[in-house]
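Use the sequences and the hints to build the structure in full.
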Amino acid sequence: DTEVTQTPKHLVMGMTNKKSLKCEQHMGHRAMYWYKQKAKKPPELMFVYSYEKLSINESVPSRFSPECPNSSLLNLHLHALQPEDSALYLCASSQDSRPGGAQEGSQHFGDGTRLSIL
Amino acid sequence: GQNIDQPTEMTATEGAIVQINCTYQTSGFNGLFWYQQHAGEAPTFLSYNVLDGLEEKGRFSSFLSRSKGYSYLLLKELQMKDSASYLCAVRGKSDSWGKLQFGAGTQVVVTP
Chain S
4 DTEVTQTPKH LVMGMTNKKS LKCEQHMGHR AMYWYKQKAK KPPELMFVYS
54 YEKLSINESV PSRFSPECPN SSLLNLHLHA LQPEDSALYL CASSQDSRPG
104 GAQEGSQHFG DGTRLSIL
Chain L
6 GQNIDQPTEM TATEGAIVQI NCTYQTSGFN GLFWYQQHAG EAPTFLSYNV
56 LDGLEEKGRF SSFLSRSKGY SYLLLKELQM KDSASYLCAV RGKSDSWGKL
106 QFGAGTQVVV TP
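Heads up: the protein sequence lines correspond to chains S and L, in order. Going by my numbering, the first sequence opens with residue 4, and the numbers climb by one from there. Going by my numbering, the second sequence opens with residue 6, and the numbers climb by one from there.
Think of the hints as simulated: they come from the structure by calculation, not from any bench. All of these numbers come straight from a predicted model, not from anything done at the bench. C-beta: ideal position from N, C-alpha, C; glycine also. Hints are supplied without guarantee of correctness; some may be wrong.
Stated by the list, open to error - Straight-line C-alpha distance at most 25 Å; calculated SDA-like pairs for lysine to any residue:
#1 S:Lys25 x S:Asp114
#2 S:Lys22 x S:Asp99
#3 L:Lys104 x S:Ser23
#4 L:Lys98 x S:Lys12
#5 S:Lys41 x S:Asn73
#6 S:Lys25 x S:Val63
#7 S:Lys56 x S:Glu6
#8 L:Lys62 x S:Ser109
#9 S:Lys41 x L:Phe50
#10 L:Lys86 x S:Asp99
#11 S:Lys44 x L:Met85
#12 L:Lys104 x S:Glu70
#13 L:Lys62 x S:Asp99
#14 S:Lys56 x S:Pro11
#15 S:Lys44 x L:Thr16
#16 L:Lys86 x S:Glu6
#17 L:Lys73 x L:Gly58
#18 S:Lys44 x L:Met15
#19 L:Lys73 x L:Tyr53
#20 S:Lys56 x L:Gly36
#21 S:Lys43 x S:Arg117
#22 L:Lys98 x L:Asn8
#23 S:Lys12 x L:Phe50
#24 S:Lys12 x S:Ala83
#25 L:Lys86 x L:Val115
#26 S:Lys25 x S:Phe67
#27 S:Lys56 x S:Met30
#28 L:Lys104 x S:Thr8
#29 S:Lys43 x L:Val114
#30 S:Lys43 x L:Thr31
#31 S:Lys44 x L:Gln24
#32 S:Lys25 x L:Phe50
#33 L:Lys104 x S:Glu87
#34 S:Lys12 x L:Lys86
#35 S:Lys56 x L:Gly33
To be verified - A few chain L positions that, by computed beta-carbon distances, are all more than 10 Å from chain S:
#36 Ala17
#37 Gln24
#38 Thr31
#39 Tyr53
Below, the structure is given as structure tokens:
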């Protein structure tokens with residue numbers, strides 16, 4: 004069990020569907036992240052939120068839309084995805100994302116949502 | 006750009022020691038992390054180095070040389086459950102504090 008909770012664990016959707024991935028943490032972390040991970044590859048950063056504001060967008064296609072309703076929650080809204088978007092989507096959180104913030108800032112990962120696009 | 010290199014796979018026997026090397030070339034440096042990831046599971050944090058030297062945590066130790074752009078993770082008294090992928094990740098310049106650049110991972114196989 005991890006301290007970062009992601010739902011659902013598995014999701015199968017068609018290319019015309021709209022769905023959302025959810026992530027929750029109660030460690031008081033103020034930075035939250037979305038990663039995409041393909042099989043046998045390292046995680047690739049998609050988005051970073053710091054203090055509920057989007058601070059990094061790694062040129063992610065607009066069919067992925069992040070949202071941070073409050074400091075504990077992070078959503079990823081999905082629309083019109085492509086088969087190549089099938090992957091494990093990992094959420095992570097850390098103490099601080101700002102320069103001069105917490106010196107360690109190790110990221111704690113959730114178990115991920117395994118997404119399959121038909 | 007950023008480049009992080011680590012071996013693809015290493016095999017060792019139960020009870021042995023394995024050292025996983027990681028070399029990096031990044032624009033700025035604000036810390037190096039090691040994560041363990043079992044197949045189908047989330048990465049879990051193992052260690053953090055920001056100053057030169059050795060950090061020891063039980064059976065796992067991590068070393069950093071900033072001048073050489075080099076780190077290693079040392080796994081002692083290997084157990085079967087240590088079979089996993091080990092990811093080296095570097096945090097670069099301070100204006101991208103939250104951004105970690107991951108290496109491709111080293112698959113460690115522990116045999117009986």
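Taking the hints in turn, this is what the structure says about them:
1. S:Lys25 x S:Asp114: Within the cut-off at roughly 12 Å; holds.
2. S:Lys22 x S:Asp99: This hinted pair is violated, its Cα atoms lying about 29 Å apart.
3. L:Lys104 x S:Ser23: Between Lys104 of chain L and Ser23 of chain S the Cα gap is close to 23 Å, so the pair holds against 25 Å.
4. L:Lys98 x S:Lys12: Not satisfied, since the Cα-Cα distance of roughly 34 Å exceeds 25 Å.
5. S:Lys41 x S:Asn73: Distance of about 28 Å is beyond 25 Å: violated.
6. S:Lys25 x S:Val63: With Cα atoms ~18 Å apart, Lys25 of chain S and Val63 of chain S stay inside 25 Å; holds.
7. S:Lys56 x S:Glu6: holds (22 Å)
8. L:Lys62 x S:Ser109: Holds, at roughly 15 Å.
9. S:Lys41 x L:Phe50: Holds - the C-alpha atoms of Phe50 of chain L and Lys41 of chain S are around 19 Å apart, at most 25 Å.
10. L:Lys86 x S:Asp99: Given pair Lys86 of chain L, Asp99 of chain S is violated - Cα atoms ~31 Å apart, limit 25 Å.
11. S:Lys44 x L:Met85: It holds: about 22 Å lies between the C-alpha atoms, which stays within 25 Å.
12. L:Lys104 x S:Glu70: Roughly 18 Å separates the two Cα atoms, so the pair holds.
13. L:Lys62 x S:Asp99: holds (23 Å)
14. S:Lys56 x S:Pro11: This hinted pair holds, its Cα atoms lying about 24 Å apart.
15. S:Lys44 x L:Thr16: holds (19 Å)
16. L:Lys86 x S:Glu6: holds (21 Å)
17. L:Lys73 x L:Gly58: holds (12 Å)
18. S:Lys44 x L:Met15: holds (16 Å)
19. L:Lys73 x L:Tyr53: Given pair Lys73 of chain L, Tyr53 of chain L holds - Cα atoms ~17 Å apart, limit 25 Å.
20. S:Lys56 x L:Gly36: holds (23 Å)
21. S:Lys43 x S:Arg117: holds (14 Å)
22. L:Lys98 x L:Asn8: Holds - the C-alpha atoms of Asn8 of chain L and Lys98 of chain L are around 14 Å apart, at most 25 Å.
23. S:Lys12 x L:Phe50: holds (21 Å)
24. S:Lys12 x S:Ala83: holds (20 Å)
25. L:Lys86 x L:Val115: Holds: Lys86 of chain L and Val115 of chain L sit about 8 Å apart, inside 25 Å.
26. S:Lys25 x S:Phe67: holds (13 Å)
27. S:Lys56 x S:Met30: Holds: Lys56 of chain S and Met30 of chain S sit about 18 Å apart, inside 25 Å.
28. L:Lys104 x S:Thr8: Status holds; Cα separation ~21 Å.
29. S:Lys43 x L:Val114: holds (14 Å)
30. S:Lys43 x L:Thr31: holds (23 Å)
31. S:Lys44 x L:Gln24: holds (21 Å)
32. S:Lys25 x L:Phe50: Within the cut-off at roughly 22 Å; holds.
33. L:Lys104 x S:Glu87: holds (24 Å)
34. S:Lys12 x L:Lys86: holds (23 Å)
35. S:Lys56 x L:Gly33: holds (24 Å)
36. Ala17: holds (20 Å)
37. Gln24: It holds; Gln24 of chain L is separated from chain S by about 20 Å at its closest Cβ, greater than 10 Å.
38. Thr31: holds (14 Å)
39. Tyr53: violated (5 Å)
Checked against the numbered hints above, the structure violates hints 2, 4, 5, 10, 39; every other hint is satisfied.
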